[in-house]
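J.: If you want the building blocks of each chain, they are given just below.
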Amino acid sequence: MSARPKLRVATTSLAGCFGCHMSLLDIDERLFALLERVEFDRSPITDVKEVGNCDVGLIEGGLCNAENVEVLREFRRRCKVLVAVGACAINGGLPAQRNPLSLPLLLQEVYRSEPGARFGRIPDDPELPLPLNKVHPLHEVVRIDHFIPGCPPSADAIWKVLTGLLAGEERPLDHGLIHLD
Amino acid sequence: MSATATFTLDGRAIAFNEGQTILQAAVAAGAYIPHLCFHPDFKPHGSCKVCTVRVNGRHAASCTTRAAPGAVVESDTPAINDERRALVQMLFVEGNHFCPSCEKSGNCKLQATACDLGMVSPHFDHFYPDRPVDASHPELLLDFNRCILCSLCVRASRDVDRKNAFALSGRGIRTRLIVNSRTGRLADSDVTAADKAVHVCPVGVILAKRRGFEVPLGQRVFDLKPISAMADPSAALERAAARGRGPGPRGGGT
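Listed in order, the protein sequences are those of chains A and B.
Every letter in the first sequence is one number past the one before it in our numbering, and letter 116, counting from 1, is 116.
Every letter in the second sequence is one number past the one before it in our numbering, and letter 26, counting from 1, is 1026.
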């Protein structure tokens, strides 16, 4: 048991695929060492829905709708240190591949023109968050303190940055850990 | 001037022949200076500026600056690498560089240079330009999203293939790669998969069709060694390509 107070860590996936969270879980038995030092706040791991005051926020995925932006801003307000995890958080990634297309065309194509969607309609439930015109990476909206690139970043890369943060130092990713694919 | 004239690169003596530029001499001597638009087989173009060094205290593109006896050249310094990283970040946001879907990943000089310079984010706002691909050619794919305007295909097609199939058109931010054919499509040019122009692209613009994943991710040239561990990454890529094109399970293409 550590005498030091545990750091609070929140995680979320915005316009992502949860692959980066899988990579986080892929640190395997090191999770036990991590749990000695941190406790999770809002995260798919805890299923807590609202983010509290945290030391570290890990964000996977970019911004493709208004809710993503709201959650990101809430994380920025609540977390001392914000980490963009993975390609989508850093450059929009796969969801941003829709960016050259116009949003109305896209919605039309997916919900009306696609074979099998002949009687479909573009969803307009007021509870649905509105899609953004373009998908954006996190740093275009709030200040991001650290970045872990990769699709997904390897467990070792996430571990290195996380343990660096716990130790209060920046540990640059070297060859093999820093990758953009 | 004798062949034994030298300059120093980060304190190391580099011998050069008269007429060689700093980068040409460094590559020949096995010393790495980051570069993207330079290829030892072609006349330097001096456009990407990633090879910028300090020569006797002044910034200069090492690919186009003649080596001079006794010159003091600084390259691998935190300040210069910061500037190089900013240049590479600008290249990333100006195009659409989606590495996870690119067959060139791991063999891409832009990606390898970015990783080697410790680029973990694009820093700037993305342009997300609209650049449709040209998939008209039966053997080749032309994906303009990844073009960094190095002009290597332009030089190779003009100087080696003698076809003049590519050109850079427009100015400033509107500069773009075009195909010199009646329709502007690659299929209507006389480019073939054997052309030198097809094989010099440092990024993933010109790719052979139906050759995906012949070498698995993680086992490609810059996966195995950082680009800074090779003075001449172009030669390393060509050696790897020659192996891939040879007989064996990876050979034969389609």
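Since the hints were made in silico from the structure, they are not lab data.
Positions of the beta carbon are idealized from the N, C-alpha and C atoms, including for glycine.
Certain hints may be false.
Selected chain B positions facing chain A (in silico; Cβ < 10 Å) [as the list claims (entries may be wrong)]:
no. : residue
1   : Phe1042
2   : Pro1044
3   : His1045
4   : Val1093
5   : Asn1096
6   : Cys1108
7   : Asp1125
J.: Hint by hint, say whether it matches the structure.
T.: Hint-by-hint comparison with the structure:
Checking phenylalanine 1042 of chain B against chain A: minimum C-beta separation of about 26 Å lies over 10 Å; hint violated. The interface hint given for proline 1044 of chain B is broken, as the beta carbon of that residue sits about 27 Å from the closest beta carbon of chain A, more than 10 Å. Among the interface hints, the one on histidine 1045 of chain B is violated; its C-beta lies about 25 Å from the nearest C-beta in chain A, farther than the 10 Å criterion. Because the smallest distance between the Cβ of valine 1093 of chain B and any Cβ of chain A comes to about 8 Å, under 10 Å, the interface hint for this residue holds.
Because the closest C-beta pair between asparagine 1096 of chain B and chain A is about 8 Å apart, less than 10 Å, the hint holds. For cysteine 1108 of chain B, the shortest C-beta to C-beta distance to chain A is roughly 9 Å, which falls under 10 Å, so the interface hint holds. Residue-level restraint check for aspartate 1125 of chain B holds (minimum Cβ-Cβ distance to chain A is 5 Å; threshold 10 Å).
The structure shown violates the earlier hints numbered 1, 2, 3.
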